[in-house]
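Novice: Residue numbers (numbering that gives the first Met the number 0), protein chains in the order written: chain Y, 0 to 502; chain A, 0 to 349; chain C, 0 to 246.
No lab work stands behind these hints: they were computed from the structure.
Source: prediction; values computed, not measured.
Hints should not be assumed to be uniformly reliable.
Not everything, but these chain Y residues come out facing chain C in the computed CB check (under 8 Å) [claimed, not checked]:
(1) K93
(2) I94
(3) I95
(4) L96
(5) H254
(6) D275
(7) S287
(8) I288
(9) D435
(10) R439
In this text, a Cβ means the ideal position worked out from N, Cα and C, and glycines have one as well.
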Amino acid sequence: MTLGSVPPRYKISIDREQCMDCGRCIENCSYGVFRREGDRIITESRKCTACMRCIAMCPRDAINLKENPVDYRSHPVWTREAREDVIRQARSGKIILSGMGNTQNHPIIFDRLLLDACQVTNPSIDPLREPMELRTYIGKKPSRLQFKKTEAGDVELETKLAPNLRLETPIMIGHMSFGAISLNAHLSMAKAVSELGTFMGTGEGGMHRKLYPYQNNLIAQVASGRFGVNVDYLERGAAIEIKIGQGAKPGIGGHLPGEKVSAEVSMTRMIPEGSDAISPAPHHDIYSIEDLVQLVRGLKEATEWKKPVFVKIAAVHNVAAIAAGIARSSADAVVIDGYRGGTGAAPKVFRDHVGIPIEVAIASVDQKLREQGVRNEVSIIASGGIRNSADLAKSIALGADAVYIGTAALIAMGCRVCGNCYRGLCPWGIATQRPDLVSRLNPEEGARQVSNLIKGWTLDLSELMGAAGINSIESMRGNRDRLRGFMLDEGLLEVLDVKTVGA
Amino acid sequence: MCGIIGVIDRTKSRMDGSCIKAALSLMNERGSGDGAGYVAYGIYPDYADCYALHVFFDNMEEPKEKVDEILQKQGTIVHQEEIPTTEQPGLKKVHIPWRYFFKPFKDQIGGSLGSEDDLVKDIVMEVNAGIKGALVFSSGKNMGVFKASGWPEDVANFFRIEEYEGYIWLAHNRYPTNTPGWWGGAHPFNLLDWSVVHNGEITSYGTNKRYVEGYGYKCTLLTDTEVVAYLFDLLGRKHGLSKERIVKALAPPFWDEIDRMPPAEEELNRAIRLTYGSALMNGPFAIVVASTDGIVGFTDRIKLRPLVVGETENRLYISSEEAAIRVIEPGIENIYTPRAGEPIIGRFNE
Amino acid sequence: MTLRIDAKNMHYTPLNQQIKAAVADGVKEIVLDNVLGQRFIADGLRGDDVRIVINGVPGGDLAMLMNGPTCIVHGNGEHAPGNTMNSGLLVIHGSAGDAVAHGMRGGKVYIRNNIGYRGGIHMKQYDLDARPVLVIGGTAHSFLGEYMAGGLVLVLGIGLEKSMTDRGIGSGIHGGEIIIRGEVEDHLLGVGAKKFEFTEADLERIKPEIEGFCARFGLDPTEFLDTNYTRIAPSSSRPFAGKYVWE
């Protein structure tokens, strides 16, 4: 073979002094890194994905992991990644598949936005003893109210409110399908959102019957593959989301590999076991904005206009104009997924090079909707790379109504972002359908951890708002005056409509 | 920190500016000498059907010509003059205060062109955002704002406040914080009939500003209070909400209170919060707003700023401090403090 | 009990509300007269013994998500009739537009004449109870059965020299089968689609569909009961398995 092998990505080593030979690493590693030979545990580093399961489970801290143990000749242009991608494609002639979000070392705009706090001229509000309102309604709002006089002479409200989702905190969990992730992962998150009074997306793989008890907190997704979609499914969801695109891979569809289509996945998606579940790039009944209107209204007709319908798009260059079109489609919310959004599997070139950051997408969509007087027609849900409560607060200050988290919720269940989801061997029981691996994730514990995370962020957000002298989330939304840009260029500051620090 | 006072005479008996000047001056501890202002309703009975446009000009050359041109294109200038002033040692005259009595052409309005008020609003926005050296700071009918940088007495004496007689007066004593002490930044803020005096700071300004800008208002005065005038104009004049409902939108009940209301009331309050979430004002404030048909005072939802109400048979007073009311009405008996977010409304007798 | 509704100038929302309310009241047959462009008729409608007769030209997404009823159209269909249909029967005494039976997962759609592009696209099947069937009396344009994941598409080519002359048949197909009367030229097949010999066993299997279709339109089924068909099915149930290499 003229190409030979590339160096291993990771080096796993065992501290023999510490190791007590218990074999937990062997049991836990689903990638086959560890094996017993005689009385010794042997490692095969080349199989390691840095999922960290062995390290987390080792009772003696005896396992060590090093990334890139072999150096290449350093070169600023021909990085290790660039060279290895060439080798991989030269060897295979195929598309390089990758998991999780964008790995490009672009500056993160969130980290260059700073939040404000009160000093003297207005008081901070202490969320412990003063009211702090995070309740958020997602859906269409009237642009103004009309009143009428009753025969008795009373004035009463004439305007009818459209159905809205009521969130107790502006954090929802985005759509990750059953199939891409396990039933126990779905159950963990569904229990958490039910307890917290917020919502979770089912993803495009339908709704497993074990999720029915939580259906009032679930958003049913209709993607191009229409998996598991029938009128029962739509009626179960608290809302319906049409998935047009995804931040990790704008413009292309998805394929759930046949290995992951287990009996339960097959039943929930209503497709044969073991066959690829293919979601085409476009919805083949939507080739234009007026076709989207037709699908939005078709879903509303089927559910008698009782459910809010969301439309999710990837943040692409023209996102603001597209969102403005969606705002006129009868849709109730637009979900914008930034280019740092996660995925089970995406072609690497898409994951790393297509789309725009969520921060600018929120800013330009909010601005465009306001300019066109349709901001109340749709709520804005931001997703794709929301890592912590600061990202959450900044998203809202830029103009989002709420956020979807994805990767953060997975990390709360054990995920270490190794990015090998598409292989179906997730040793944390999340991105797998292998029963022995799935059983590692206890839905009760998973639910508690996910719920803890959202509670923690909610407390953080309350404190940040209190410090800014704001006691209601409405006054945070689109309040870009409470943000300053640090080391952002003029063009970006203008798009974000944020002043520089010191101004 | 600022001091505010407002009064309405329900019988439309007119009061000259001397009392309000004395009341405001009592609250000098609340100000810093960087701005004071007064607004009075009913002061131009001779031009009652004209829009009284008060303008600060930096000079009488280019800015004045441009304003004249805009006005003459869209209506008739019935009368114009410099607002009479008396130089004060403690007050530097940095602008020339001018007033126009203006009537829009009838054929410029109606249908898609909007009302007479819309036309005047657009003129105000156009001048303030577009003409350097000109600022329209008062644009209602039979009313006028008088304001400048300085202490209350100096500003009152400069504008000869005692020579005006009105049935509504609002006054404000400024201690600027976030924005500079300049003439345009002094209160009251006005658009058409609406005049606002405000004590506090609006932490939701960014949200409120983006909201009203979506309706063609332009926030040009570098201070948060301006947006309150536009919110009242939008919700009150354009959307037709009553003063009670406007206050419900700007300082709504908490969700847990709404949840406990009877169904119809719950729905109404939920509808107001959903529809007007971007108009909700946060942060510490006590505000008094005047319009042709009365005044309304209210505070933020958790009462971070003081507000005192005094009532006599014919008059309603709203002020930052009781003492200011007692300067005018030493023997007043009915004095109370309203609840947070509760609108205090003064109307004329039928 | 039959309910007649004059749909002239009616918007689809009140029309569908009337239909649903009538079905809820136990009406078994509803006849809609003067239908012209109303979309979403019978959208999400349930009721295995309910019959909807449409006189006129209904708008797009006819019988979308429909779950059980029989819907008969005396006229042509528009864009995507039978979209994501779950079960029941849709009969069109005429032709229909693009994306007929899009994402359909059960029930039957019979089109007497021709359909547009991408007919039967992404039809899928879970088990025998949920097996969608699309029968086309005439012909179809390109990309018939594209991305098909299950079910049956049958093209009879009635009155035509060649049943199919458009390209991209079964492009990306990974489940189900497309059966076309007569020969199909190789260059008309899409990526991932493969021709198989049509056997007597195949004929036995599709015989009920042929008979059912002919019965609806008053045709003689014996004319179609031979093995002069081409069967097109996936070359693999994993059409994309070989496209990727891991990072």
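Novice: Just pull the numbers of the violated hints for me, sorted ascending.
Specialist: 7, 8, 9, 10
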